[in-house]
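These are the residues of each chain, in order.
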Amino acid sequence: MTELPSRTNRKLGLVIDLDTCVGCHACVISCKGWNTENYGAPLSDQSAYGANPSGTFLNRVHSYEIMPESGGAAQLIHFPKSCLHCEDAPCVTVCPTGASYKRVDDGIVLVNENDCIGCGLCAWACPYGAREMDAAEGVMKKCTLCVDRIYNDNLPEEDRVPACVRTCPAGARHFGDFADPDSNVSRLSAERGGFDLMPEQGTKPVNKYLPPRPKDTMEEVDILAPLLTPIAEEPVGFMAWLDKTLEKI
Amino acid sequence: MKYQPYVDTSPKVSDEIRKTTCYMCACRCGINVHLKDGQVAYIEGNRDHPVNQGVLCAKGSAGIMQVNAPSRLRAPLKRVGPRGSGEFEEISWEDALSLAVSWLKPIRDENPEKLAFFTGRDQSQSFTSFWAQNFGTPNYAAHGGFCSVNMAAAGIYTMGGAFWEFGQPDWDHTKLFMIFGVAEDHDSNPIKMGIGKIKARGAKIIGVNPIRTGYNAVADEWVGITPGTDGLFILSLIHELLKVGKIDLHYLAQYTNAPVLIDAETGLLMRDKEGKLLVMDRLKGEPVPFDQSGVKPDLNGILQRDGKTHHTVFHAMVHRYLSTDYAPEAVSDRVGIPAGRIRAIAAELARVAFEEAFEIDQEWTDFRGEVHSKMTARPVSMHAMRGISAHSNGFQTCRALHVLQILLGTVEVPGGFRFKPPYPKPAEIHPKPHCKVTPGAPLDGPHLGFVHGPEDLALKKDGTPARIDKAFSWENPMSAHGLMHMVISNAYAGDPYKIDTLFMYMANMSWNSSMNTKGVIDMLTDKDESGEYVIPRIIYSDAYSSEMVAYADLILPDTTYLERHDCISLLDRPICEADAAADAIRWPVIEPDRNVRGFQSVLCDLGARLNLRGFVNADGTQKYMDYADYIVNHIRKPGIGPLAGFRGDGTASGRGDVNPEQLDRYIENGGFFVEHVPEEARYYKPWNAAYQDWAVTMGLYDSPQPYLFHLYVEPMRKFQRAAEGHGDRQPPEHLRARIKETLDPLPIWYPPFEEGAVDKELFPLHALTQRPMAMYHSWGTQNAWLRQIHGLNPLYLPSKQMREHGLKDGDWAKVTSAHGNIVVPVAEMAALNENTVWTWNAIGKRKGAWALDENAPEATKGFLLNHLIHELQPPKGDGLRWANSDPVTGQAAWFDLRVRIEKVPPPKGSQPNFAALKSPVGKGPSELKWKVGS
Amino acid sequence: MHPAPSVIIFTSLSGIGFGLLFFLGLGLPAPKGWVAFVFFAIAYVLAVGGLLASTFHLGHPERFLKAFSQWRSSWLSREAWLSVAALSVMGLYGAGLVFYGVAIAPLGWVGAILSLATVYATSMIYAQLKTVPRWNTPLTTVLFMVLALAGGALLSGNINVAMMLLLAAGVVQIAYWIGGDQALARSGTTLGTATGFAQKGQMRAFEPPHTGTNYLLREFVHVVGRKHAAKLRIISLILMIGTPILMLSLTFSHVIALIAVIAHIAGVFVSRWLFFAQAEHVVGLYYGKR
Ligand SMILES: Nc1nc2c(c(=O)[nH]1)N[C@H]1C(S)=C(S)[C@@H](COP(=O)(O)OP(=O)(O)OC[C@H]3O[C@@H](n4cnc5c(=O)[nH]c(N)nc54)[C@H](O)[C@@H]3O)O[C@H]1N2
Ligand SMILES: Nc1nc2c(c(=O)[nH]1)N[C@H]1C(S)=C(S)[C@@H](COP(=O)(O)OP(=O)(O)OC[C@H]3O[C@@H](n4cnc5c(=O)[nH]c(N)nc54)[C@H](O)[C@@H]3O)O[C@H]1N2
Ligand code: SF4
Ligand code: SF4
Ligand code: SF4
Ligand code: SF4
Ligand code: SF4
Ligand SMILES: [Mo]
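Residue numbers (our numbering), protein chains in the order written: chain A, 11 to 259; chain B, 3 to 936; chain C, 54 to 343.
In short, the hints are calculated from the structure, not lab data.
Incorrect hints may have been included.
Claimed, not checked - With a straight-line Cα cutoff of 35 Å, these simulated DSBU-like cross-link-like pairs (lysine-lysine) come out:
no., chain 1, residue 1, chain 2, residue 2
1, B, Lys310, A, Lys258
2, B, Lys863, C, Lys119
3, B, Lys810, C, Lys342
4, C, Lys253, B, Lys810
5, C, Lys342, B, Lys925
6, B, Lys905, B, Lys520
7, A, Lys254, B, Lys286
8, A, Lys258, B, Lys816
9, B, Lys802, C, Lys342
10, B, Lys38, B, Lys931
11, B, Lys810, C, Lys284
12, B, Lys298, A, Lys258
13, B, Lys905, B, Lys80
14, B, Lys639, B, Lys463
15, C, Lys280, B, Lys863
16, B, Lys931, B, Lys14
17, B, Lys199, C, Lys253
18, A, Lys258, B, Lys278
19, B, Lys931, C, Lys253
20, B, Lys500, B, Lys529
21, B, Lys438, B, Lys639
Stated by the list, open to error - If the Cβ cut is set under 10 Å, some of the chain C residues that face chain A in the computed set are:
no., residue
22, Phe121
23, Arg125
24, Gly144
25, Pro261
Claimed, not checked - If you anchor each label on the Cβ, the simulated ranges turn out as follows:
no., chain 1, residue 1, chain 2, residue 2, range
26, B, Ala918, C, Glu115, 41 to 49 Å
27, B, Glu267, A, Ile259, 28 to 36 Å
28, A, Ala235, B, Leu285, 30 to 38 Å
Glycine residues also receive a C-beta, built at the ideal position from the N, C-alpha and C atoms.
Chain A extracted, bound-state conformation (with noise of 0.2 Å):
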């Protein structure tokens, strides 16, 4: 299984909107507390209250400054990252287990626990920093894209979305199947240029991001800019064209 399927039936996969992702974490959280209860071991966390907590977490949010080329104000942009489920996992050709694999119904990477022996090789061939050993379980950690959750006749039609999408406040995170033009990713990402990541890896990651809608656009005006004409300098000439206007209300 180590083989890559060459082609799958749908390509599930999420839209990161980073013109609206506002870093709260929530994505992070939700996720963690659905797949420590859900598929496989717990996510652990290690001196969860001591002097150096440090967990696994399948979806992490980064932030970044870019200082503008042409000089302008910082800009900040918070970066939510979590398994792209690449067409072209590298992460998948590597493990000499069969234990990690893409899912050939839906384009899904997954790790199977049972056959996990652990080995890191697969996190050390993902560019994206999407694996994460359990330290507790001793094997590989990875997004489900919530394989449990998207198919699940226990929950209402609507929930059977990946946890993080569910949560996020701001609506940044979409789900659905970018191997259907029509679908809200294929035409979110059409609509806004929605990019891989690491193009160059050659992994061809599912996901897509939404770029930051350009910032701080709004020229600076001067006095004589329409609609900023004055209507009087003083108080007397203001109040009488305060009379004239009050006419014609």
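Following the hints, put chains B and C with the ligands in place on chain A, whose structure we already have.
Quick look at chains B and C with the ligands alone, frame taken from chain A:
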């Protein structure tokens, strides 16, 4: 096809879902608590809930770690070591309550004011205040005074409501959203959802904030203003808008006191014999009451009477704000924004408000009886919070912002800012403060409220403050929420008087919620000559092993939020939305596994033991067995109780008889209740007859209360007049000038007090804190998941300051204010006002607290800025030390702080470094592999 | 990359062990009886000890058999197969020498090739990784092979060959370091491509996702030890190449040979430490670290 392992894609999610209300912060979202084998397995947002509509923030999802936190207190504690040592013994509830009664009973019988009862992040204020009122002490308030009373009070005095719990932008229609001084706010999820909606429509956001994180990072335009100058910036916008006539004249004439006449001699508003405000009618050319049907109020009305010429409020505003003092060029340097950019923003506000206006086809009738066929949008909306509020000029700045919104005609119109029931609610129909103490009897009325002149101040006969926090005194006459941050220092100083017992609930006053933390610790532990503590007794209720626990003599351990009843009531701070009145409950979705009790239930018990009128039956037996009993059976006014939903036979809303099954109905309904505002009542609420009538049926008003927005706040003028020597209640001499200057009835700007009190060359930088979205004050720390995100806090310096001081990320610096210094790790930030440094609030922890390891990064590298902030300003030449508060409301001026920075060699850890507290709950486990159920 | 002792020990020792097996397989030398036993024992201790060491860093060593399943795509799996094959074939060949005093030459040749192939597979585990530009080059394989062969030659007493191979190894090693220092830059992967903001302006990482550490930082971001890289490179060259060459040019004695071997192995350890410690995984870019 290749072999693919079987995956159970439909695992059972849980045995049961119980729906209640989150309390990982004050936003109060609805949650679905999934249980397995009776334990909390997973928490998600409740899709049906009006507040969060299914989404949930990081804190909310991490609730499972809070409910199981090792820091939870386990039983009542009695102090055995010295205060501050953390040495306690566990006692029974019976012993704890008897001890409390033995302290409180004599106070009540002899002098109830010797009890100061202050509740911090309390969501049951209508209940706790009821208890305090029954006890008879005047000394009650919650945390509002150190939080954001400037915003609340300015909003209510100006337009009958402010932001957050009072109202919200019309997220679905707004085209330009301007947000001032907000990092996270109480309306945590709704703001994010709103921003998401705006972004999805491609509408614009302007963020005004010295720091560009979070909401300001996604803002299309960032205005990195100089802290403390928003008032000046806003008045400059007003200057520009007036100058070009881009204001909503119709709106101003109809719905505000702009056309109301000011008595030229007194500066008070002119009224007819019935006390109705007078406007000049453009048609008749004579003064008429503002609410007469058919009146066309003249914004430029002039009344000649008794040889004097009386002008309108609007006239006064135009004269003030057209002054070149407010021209963009004149303010640009101080606010740190180029003049052209100020103008651009003014132009954009004008463009969107007037050129992108649209209409909604919805007929409505105003309070004068006039029928309007449409509702006209002014699709500019605003939101602001502590960034403008927590300065010593905050009240006036918040006023200015509301005035700006009103000039644009964008309050309570489509696309603008909308009130949430029970707001709008003008200051006039709020209660006034009460302070009359009678031993053995209840206070004469509610503690907190809105004053309308010197006659309403809470003063004793001798003119000294009646309250321990000096609220409603000349130092801060309009302190609508009290001044929790002054209680300990005043009680310690015995000024205005000494108290016997300090009783607190849910406030970490020996740490992150105090200014001058070290000083407060000393005050709590200092003894007088007789060897008694200066503050003799402290009772405290917390749910966790916080820093404050160590400083109390008796601890009443609370439950966690999933283990108790709570009531988020229309009587205090409900969860309403602009389109609906709503309230909610919490209920014990799990049973506590420790010897703890819900604090409110404990108050029901204590109240009965103390024989407080509201808490005993005629025969002296306990009236409310617990809080649930109170929630259902308490009657505030006929037909009105804590919960508005499912009253009477279960179908009555707002008003109705007690329904013994009310809580069950709430639980069935998901823990909340919603009643929608009728279509024609959705906008123009203060003047909309349909809304006013609906509000009466809901019990929000006793009768229709249409009113005008107060661009001019007359009560302020009354205080000014007193300061000018009028009337028999006179301020002390040293306060006269300040009252005259700062209680201006039209918004003004003055530099924050600390600017005047310190040498700006010596302390060149502004120092701020922000709320991290994924942490709630101190109590996020004990959360194993959240503390990984924010386990320590660097001080962020702008790139320029990093260079100038030769600093790089991870270096350490000494930060000095006029009051003290701290040594902390630093990190660089480019998207930051170049004279501002900041850090995340309340990450720093005291060693030994919260069941954390003593070497936890929170305690070794984390730090509080609070050590640098004093509750008093630095001494000036006058020999007096003025409060570090807003002179109008007493709001704590957290953000006036000025500092300087020096690079220092890396110390062992951040300074100051306090001795470790002894943990009454031990330490947490080292590894977590959380999973419940089989 | 985190220079985990288990992986350093594994790759170094097993490389030398298989290098020795390679020469033994070729019959250079082809000792018999006890002498053969000692030679094979050393080779097996090194090769198998290395393999065992590698299991220390597995989360579930008890499931190691599963690692044989994916030979069609995974170099780790291939390495498992090849090592077992090499050890088995060489085991048979060795048994012939030790117990029967016969050298079944074809078996030795097959074993030699398998031994070399094992080293090749090991090297490919690293060389295949695009995520670690410093490793992602054929030179990684060359380096692993030449070091294995040099070590093998040294241990097998093929002095002249060893001298040549050591020299070659020194050259490859230097080339590897020089080339490696540019590898990340040459790979074209930057914080800009990692985030998609390459065109937007100058970038810097602001807050990390967590204030504490995590698996990724522990495993992939190792900035601490790199400070002494230049010094360590020289130490490594002296120990791994210089000392053995010097020793071999002296008149032979067992002590001198022992010193040569020990110095070489120590030098290989240092080289391997640097191989890991200096390797930058592109994920470090996300953390503003390399
Ligand atoms: N430097 C600086 N300082 C500030 C501010 C700032 O901006 N900058 N902001 C100020 C403001 S606005 C505020 S509101 C304060 C907040 O400061 P506080 O009001 O002190 O708030 P917290 O630290 O959240 O928590 C108070 C206590 O509530 C306890 N608690 C939590 N849950 C429960 C419960 O269920 N029951 C009970 N009984 N107790 C519980 C916690 O354990 C904690 O001890 O900080 C103020 N301090
Ligand atoms: N996650 C989380 N949510 C919380 C809380 C929490 O602890 N954690 N606490 C709750 C409480 S008690 C409160 S009071 C609210 C407060 O919520 P906010 O009002 O968002 O308060 P702060 O986080 O203190 O952020 C103050 C903001 O004002 C900016 N600021 C400071 N001075 C100025 C100024 O002069 N001008 C302008 N324009 N901006 C300025 C700061 O940069 C900062 O962004 O949050 C509530 N919500
Ligand atoms: S929940 Fe949404 S807004 Fe918050 S960090 Fe995640 S993606 Fe960003
Ligand atoms: S993101 Fe990483 S873990 Fe996920 S499929 Fe791609 S390479 Fe594999
Ligand atoms: S860690 Fe597990 S999933 Fe990853 S490569 Fe090794 S065996 Fe495969
Ligand atoms: S899809 Fe599921 S597993 Fe993946 S990041 Fe989101 S919540 Fe986590
Ligand atoms: S904002 Fe978050 S913590 Fe606050 S009530 Fe809502 S879900 Fe809970
Ligand atoms: Mo607050």
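Arg125 (chain C) as chain A interface residue, shortest Cβ-Cβ below 10 Å | holds (6 Å)
Is Lys254 (chain A) within 35 Å of Lys286 (chain B), Cα to Cα?
-> Within the cut-off at roughly 17 Å; holds.
Decide if the proposed pair is consistent with the structure: Lys298 (chain B) and Lys258 (chain A), CA atoms, cutoff 35 Å inclusive.
-> holds (12 Å)
Given pair status - Lys931 (chain B), Lys38 (chain B), alpha carbons within 35 Å = With a Cα-Cα distance of about 16 Å, the restraint between Lys38 (chain B) and Lys931 (chain B) holds, given a limit of 35 Å.
Would the stated hint for Gly144 (chain C) survive a check requiring a Cβ distance to chain A of less than 10 Å?
-> Not OK, violated: Gly144 (chain C) not within 10 Å of chain A, min 23 Å.
Hinted pair Lys310 (chain B) and Lys258 (chain A), Cα distance within 35 Å | holds (29 Å)
Could you grab the alpha-carbon distance between Lys500 (chain B) and Lys529 (chain B) and see if it respects the 35 Å cut-off?
-> holds (14 Å)
Take a quick look at whether Lys639 (chain B) and Lys463 (chain B) sit within 35 Å of each other, Cα to Cα.
-> holds (31 Å)
Would the pair Lys905 (chain B) and Lys520 (chain B) pass a check requiring their Cα atoms to be no farther apart than 35 Å?
-> holds (23 Å)
CA of Lys931 (chain B) to CA of Lys14 (chain B), is that 35 Å or under?
-> holds (20 Å)
Has the given pair, Lys810 (chain B) with Lys284 (chain C), been kept, meaning a C-alpha gap of at most 35 Å?
-> With a Cα-Cα distance of about 26 Å, the restraint between Lys810 (chain B) and Lys284 (chain C) holds, given a limit of 35 Å.
Take the C-beta atom of Glu267 (chain B) and the C-beta atom of Ile259 (chain A), compute their distance, and say whether it sits inside 28 to 36 Å.
-> Because 31 Å falls inside the window, the suggested range holds.
Checked against the numbered hints given earlier, the structure breaks hints 2, 8, 13, 19 and 24 and satisfies all the rest.
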